[in-house]
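**Student:** Line by line, the protein sequences give chains L and B.
Each residue of the first sequence is one higher than the one before, counting from 411 in the numbering used here.
Each residue of the second sequence is one higher than the one before, counting from 11 in the numbering used here.
To be clear, the hints were calculated from the coordinates, so they are not data collected in a lab.
Note that CB positions come from ideal geometry on N, CA and C, so glycine has one too.
Some clues are possibly wrong.
Every beta carbon over 12 Å from chain L, so not counted as near; a handful from chain B, in silico [stated by the list, open to error]:
no., residue
1, Arg35
2, Trp234
3, Phe371
Pair ranges (Cβ atoms, derived) [as the list claims (entries may be wrong)]:
no., chain 1, residue 1, chain 2, residue 2, range
4, L, Leu580, B, Val28, 34 to 44 Å
5, L, Leu478, B, Gly106, 39 to 49 Å
6, L, Pro702, B, Leu228, 50 to 60 Å
7, L, Pro702, B, Lys239, 23 to 33 Å
8, L, Pro702, B, Ala44, 32 to 42 Å
9, L, Val503, B, Ala255, 53 to 63 Å
10, B, Leu141, L, Gln673, 35 to 45 Å
11, B, Pro265, L, Ser714, 18 to 28 Å
12, L, Val503, B, Asp66, 42 to 52 Å
13, L, Val503, B, Asp341, 28 to 38 Å
14, L, Glu631, B, Leu232, 53 to 63 Å
Take a look at the letters that make up each chain.
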Amino acid sequence: MENDLGLWVIPLAILGGAIRVSTPFLFVSLGEVLTERSGRINLGLEGTLVFGAMSGYAIAYLTGSPWLGVLAAALGGAFFGLTHGLICSLPRVNDIAVGIAIMILGMGLAFYFGKPYVQPVAPDLPSINFGWWSDVPQVKAALRVNVLFLIGAALAFGMWWMFRATKVGLIVRVVGDSTDAARAMGLRPALIRTLATAAGGAFAGVGGAYLSLFYPGSWNEGISSGQGLMAVALVIFARWNPIACFGAALLFGGAGALGPTLQSVGISEGYYLFFAAPYVLTLGVLIATSSPSRAMTGAPGELSITK
Amino acid sequence: MTDHAAQAPLALPASSRVLGQVARRAEAVVLPVAALLVGFAVFSIFLLVQGKSPADFFALTYRAGFGTAFSWQNTLSRTAPLLFAALCVALPARLGLVIIGGEGAMVLGGVAAGAAGVALSGAIGLIALPLMAAFAMIIGGLWIGAVGALRYYRGVNETIASLLMAYIAIALMNHLVEGPLRDPESLNKPSTAPLPTPLRVGDIPGWEVHWGLAFGVLCCVLAWVLIDKTTWGFAARIAGGNMRAAQVQGLAVGPLIIGFTALGGALAGLAGFFEVAAVHGSANASLASGYGYTGILIAFLARHNPLAIIPVAILLAGFEAASGLTQRRMDLPDATTLVLQGFVFVSILMSDTLYGRFKIFTPERWRTGDGK
């Protein structure tokens, strides 16, 4: 192996990996922020992510347009979110348990319908080369940024602004903080939560389309191994703040890139342990940021996991 | 539990009181069965839309899962790990905890049993097997007990933590069976060294089903006794109803949470032991077979009642045992079972909203004519 960069390859690859790997985390966690800010938790986003990856890939392959694939993934995700939201609107139904059921159903349907699409090759989503100024191939590779990453970053800031300064943001926050206050204002909490869950599902679906249409860029049953779930945990770490989600997604992306990076430079010892790094990081972050007393700063008041 | 409170002031004659008891019990049977049938119905529509025949599907499943002595053996062998996996969900559920990472405890319990078997390969089965089982249970208990401890001491959400720990457990298992614990002779499928014959768990005499089934059924009965007949179980049910009220009452909520999660994890670990000692013969990646996840659905279908887990586990084991044949014959993808489970799961959770809605199941409303 010949390169002049020496061990600099590793941080460079992790930076590139952070940008590449973080996008699904970013979309799922933004979707979950929206859902949780309205007072519900949707643990089913792992299944939604996988279904988004499958439907995005299938539609991109059939139509030849990756953007139609992204649209299909968003619609599929919105459908699962809507299902979750409607079921949870029934009295005495537990949103966490429904999330588990939706996770299983989403994966089941994705694997069921995705079987014919494991072999064919679908067109990739376009990306922009920010590394044009460099001659070093590793730098070029690291700075090849996908359009969806940029859209996700813009969405994070947009959502932050929405919660701060718009009527829609305020409505979602009121519903999430107190069902009674929302009713007193004449709002319909169940409806608003259902819509927020559907929108959150659409975000997660787009995250899935990124997985199958850009990185790793193919569809198979092992395409997601817990990214959707980690993104849900990441929301707690980010304290329900969309911009913090962006930072956290980059961090988790870097951790996710650790295993493949070390493998690419020939370190295969303990490969599986490095592969587990994102899960360990997520758990560590959860332990560090949770609190045994019930008040968690920034937490929506009606959220079941913080009660 | 509300039904205990409601019984006391009931001034009905003895005969109707018995009838009332029956009605309340009936609700806990009729609604889950109805939800199961609705799940099957939705799945049938799903198949019809694909142009496949649901009648064929269920007939084939019946034949391959329950139709012959051979298919019963297959079904019952798969029942054993499902019983333990479901208990790992049902026991903590009594405290209101949703633990979904039993798969992790099962996988690590299997690795622990495999490793202990290698270390004890010279010993006789009577000594080595209990030690292997104990080691598997300790590892599994520590794994899920840690989730309970994190919940109690740090307020970490147990559902997310347990699933994360399941992913970590599988990575750990891969690391161990491909690295330090690998038998150099296992070429295609990295495994621990095969267990010598005396360290293998055999079949129940005359059944051709390994002993894991008997122990699984026994554990279900014991878990039922623990929950329904002991003070600990009573305390757990109170804490599950209202954690903060239980704490105010002076119940030791911490030991209850850690104890019940650790017990659930230990049982999942025991499932791993039986998978290694009775089925695979060594610990390898086959341990991560998804039994832990099917166990979640079984526990919810059984409404976390350990005795109800037994028939539900047999039913779902039959569907899994039959899946290979059914899918081949009908040209369906492997994920068909998962789709069916997903529909049933959604249906059973939706049925939660129906409890107490039907007058026939609620004796308090029998005498008042307005149905209130």
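**Student:** Now tell me if each hint is right for this structure.
**Tutor:** Okay, the hints, checked on the actual structure:
1. Its beta-carbon lying about 20 Å from the closest one in chain L, Arg35(B) satisfies the requirement of being farther than 12 Å from that chain.
2. The non-interface label for Trp234(B) is consistent with chain L: the shortest C-beta to C-beta separation is roughly 22 Å, beyond 12 Å.
3. Chain L leaves Phe371(B) outside its interface by the beta-carbon criterion, the shortest separation being 15 Å against a cut-off of 12 Å.
4. Checked against the hint of 34 to 44 Å, the pair Leu580(L) and Val28(B) fails, with Cβ atoms roughly 56 Å apart.
5. For the hinted restraint 39 to 49 Å between Leu478(L) and Gly106(B), the CB-CB distance of approximately 44 Å keeps it satisfied.
6. About 36 Å separates the C-beta atoms of Pro702(L) and Leu228(B), a value inconsistent with the hinted range of 50 to 60 Å.
7. Judged by the Cβ atoms, the range 23 to 33 Å given for Pro702(L) and Lys239(B) holds: they are separated by roughly 32 Å.
8. For the hinted restraint 32 to 42 Å between Pro702(L) and Ala44(B), the CB-CB distance of approximately 40 Å keeps it satisfied.
9. The given range of 53 to 63 Å is broken by Val503(L) and Ala255(B), whose C-beta atoms sit roughly 23 Å from each other.
10. The hinted window of 35 to 45 Å between Leu141(B) and Gln673(L) holds, with their beta carbons roughly 37 Å apart.
11. Hint check: Pro265(B) to Ser714(L), Cβ distance near 24 Å, so the stated range 18 to 28 Å holds.
12. Hint check: Val503(L) to Asp66(B), Cβ distance near 33 Å, so the stated range 42 to 52 Å is violated.
13. Between Val503(L) and Asp341(B), the C-beta spacing of about 36 Å keeps the proposed range 28 to 38 Å intact.
14. Range check, Glu631(L) to Leu232(B): about 37 Å between beta-carbon atoms, so the 53 to 63 Å window is missed.
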